[in-house]
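S.K.: Just need the whole structure built from these sequences, with the hints factored in.
Protein sequences appear in the order of chains U and P.
Letter 158 of the first sequence, counting from 1, is numbered 157 in numbering that gives the first Met the number 0, and no numbers are missing.
Letter 189 of the second sequence, counting from 1, is numbered 188 in numbering that gives the first Met the number 0, and no numbers are missing.
Hints are computed from structural coordinates only; laboratory data are not their basis.
Each hint should be verified, as a subset may be incorrect.
As a list, the in silico EDC-like pairs of lysine to aspartate or glutamate whose alpha-carbon atoms are at most 20 angstroms apart [to be verified]:
#  : chain 1 : residue 1 : chain 2 : residue 2
1  : P       : LYS118    : U       : GLU49
2  : U       : LYS116    : P       : GLU160
3  : P       : LYS136    : P       : ASP173
4  : P       : LYS107    : P       : GLU86
5  : P       : LYS240    : U       : GLU144
6  : P       : LYS118    : U       : ASP50
7  : U       : LYS196    : U       : GLU24
8  : U       : LYS15     : P       : ASP89
9  : P       : LYS117    : U       : ASP50
10 : P       : LYS36     : U       : GLU192
11 : P       : LYS118    : U       : ASP5
12 : P       : LYS93     : U       : ASP5
13 : P       : LYS117    : U       : GLU49
14 : P       : LYS93     : P       : GLU67
15 : P       : LYS36     : P       : GLU67
16 : P       : LYS161    : U       : GLU90
17 : U       : LYS141    : P       : ASP40
18 : U       : LYS62     : U       : GLU178
19 : U       : LYS15     : P       : GLU67
20 : P       : LYS117    : U       : GLU90
21 : U       : LYS199    : U       : GLU38
22 : U       : LYS196    : P       : ASP40
23 : U       : LYS196    : U       : GLU38
24 : U       : LYS133    : U       : GLU178
25 : U       : LYS133    : U       : GLU192
26 : P       : LYS118    : U       : GLU90
27 : U       : LYS199    : P       : ASP40
28 : U       : LYS177    : U       : GLU95
29 : P       : LYS136    : P       : ASP175
Where chain U lies over chain P, by a calculated footprint (3+ residues, C-beta under 8 angstroms) [to be verified]:
#  : stretch
30 : 1–12
31 : 61–73
32 : 85–95
33 : 109–122
34 : 193–199
Idealized CB from N, CA, C, for every residue including glycine.
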Amino acid sequence: MIAIVDYGVGNLFSLKSSFGVIGAEVQVTGDGEVIRSSEKIILPGVGAFEDAIAKLRKTGLDKVILEEVEKGKPLLGICLGMQMLFQKSYEYGEHEGLGLIEGSIKPIAPIIEEGLKVPHIGWNALVFPKEKEKSILYRYVKGGEFVYFVHSYAGVGCSDTVSATAEYGGSLTASVEKENVYGTQFHPEKSGEVGLKILKAFCEL
Amino acid sequence: MITKRIIPCLDVRDGRVVKGVNFQGLSDVSSPVDLGKFYSDNGADELVFYDITASVEGRGLFTHILQEVASQIFIPLTVGGGIHTLEDFDRVLKCGADKVSVNSGAIKNPNLVLEGAKKYGNQCVVLSVDVKRVDGKFMVFAKGGRENTGMEALSWIKRCEKMGAGEIVVNSIDTDGVKKGFDLEMLQAVCDIVSVPVIASGGAGCVEDFVTLFKTLPRVDAGLAASIFHFGEVDIPGLKKKLAENQIIVRR
Numbered sequence: 000m001i002a003i004v005d006y007g008v009g010n011l012f013s014l015k016s017s018f019g020v021i022g023a024e025v026q027v028t029g030d031g032e033v034i035r036s037s038e039k040i041i042l043p044g045v046g047a048f049e050d051a052i053a054k055l056r057k058t059g060l061d062k063v064i065l066e067e068v069e070k071g072k073p074l075l076g077i078c079l080g081m082q083m084l085f086q087k088s089y090e091y092g093e094h095e096g097l098g099l100i101e102g103s104i105k106p107i108a109p110i111i112e113e114g115l116k117v118p119h120i121g122w123n124a125l126v127f128p129k130e131k132e133k134s135i136l137y138r139y140v141k142g143g144e145f146v147y148f149v150h151s152y153a154g155v156g157c158s159d160t161v162s163a164t165a166e167y168g169g170s171l172t173a174s175v176e177k178e179n180v181y182g183t184q185f186h187p188e189k190s191g192e193v194g195l196k197i198l199k200a201f202c203e204l
Numbered sequence: 000m001i002t003k004r005i006i007p008c009l010d011v012r013d014g015r016v017v018k019g020v021n022f023q024g025l026s027d028v029s030s031p032v033d034l035g036k037f038y039s040d041n042g043a044d045e046l047v048f049y050d051i052t053a054s055v056e057g058r059g060l061f062t063h064i065l066q067e068v069a070s071q072i073f074i075p076l077t078v079g080g081g082i083h084t085l086e087d088f089d090r091v092l093k094c095g096a097d098k099v100s101v102n103s104g105a106i107k108n109p110n111l112v113l114e115g116a117k118k119y120g121n122q123c124v125v126l127s128v129d130v131k132r133v134d135g136k137f138m139v140f141a142k143g144g145r146e147n148t149g150m151e152a153l154s155w156i157k158r159c160e161k162m163g164a165g166e167i168v169v170n171s172i173d174t175d176g177v178k179k180g181f182d183l184e185m186l187q188a189v190c191d192i193v194s195v196p197v198i199a200s201g202g203a204g205c206v207e208d209f210v211t212l213f214k215t216l217p218r219v220d221a222g223l224a225a226s227i228f229h230f231g232e233v234d235i236p237g238l239k240k241k242l243a244e245n246q247i248i249v250r251r
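M.R.: Structure (structure tokens):
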């Protein structure tokens, strides 16, 4: 069973449905015991960083996640869920993240070409770093395939863990990976067939 | 680079799609679930569901259908029609919508844009605006294009962007249904003043109209249409092939 962590942020309907389509058993839960008994953890999230991480800490689920990850359980953070894996975010102030991925979350505006729209919203192509072996999450996906992004902030200072980028007048972190910790800035549950293949690969870990 | 998006819009009344013809391999063209899935499988980048139900029972049925569509479609889903309060946002988001489109609800209460953006994020709030020329000025119309609100469209759009609208759908009443192409002049005027994505709507009659749109106005992010897709006059894979041949980046 895969636990989708419910800490009161965002809509988990599509995420849950997408696992249904690929035949994986999931449970949307805010119960630490259920998360402990799961085989894998999904950390979703939309909205603002400060509010989301505060809610996660208030429920005490941050500690559960960190302990389970320490034991080797696979974790996938999606969108804001990925951003929370980082050490810090500079979205409206400076906030501590879970610290599982080195680096921080910063506005994309200085990274991208002037005149491009923010948020970076829509379908963009995945670019895999040449010098690295392709992530196991992308075992069913080719470079250049499109996934759906909606974000104004992105991971920086994390080049060691970057498993894919997207070109938007500059290179944006599309996904990160460190041992059993995975994160996608894009929404696999909104990325059509390609996204479902990525979730399938995570289920098969 | 991000792709230009092609977005079919489905009008749903009493649980059925209002217009449609028979597509090969599609069992029921009046079923929003079947039609939505058909578009999703055939390269639509996003779907818009528009609730034109008048009654409360109809709204309940819409909610039910929406949930069924959302459970089967894994591309972004925008829902509009009858959104007047934050509770309406909540109702459709819980059923699986990703974005909420506001139009007359925002005209009646502009704070709806602000409140929606605050609670759900700018990316969630899509401003849809019906615009018509009156004495050479772009004016905002309400009630499906029947009533001039007296507001100038460009200042209204700018105001909503400032309040947190994350995308703007520009429906040109002047070109809607004419099938002679998008309203390039109007869209240009909007693109000049906003920095959020702009979605063109109204006037597409053929594949060439989309090519002209994206070639002439590179700052337009997406093209939205209804009947030309429903009646099979334009098929999305063919449209995207043509766009790609014209060096317009699309997801295929």
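S.K.: Where does the structure disagree with the numbered hints, that is, which hint numbers, in rising order?
M.R.: none
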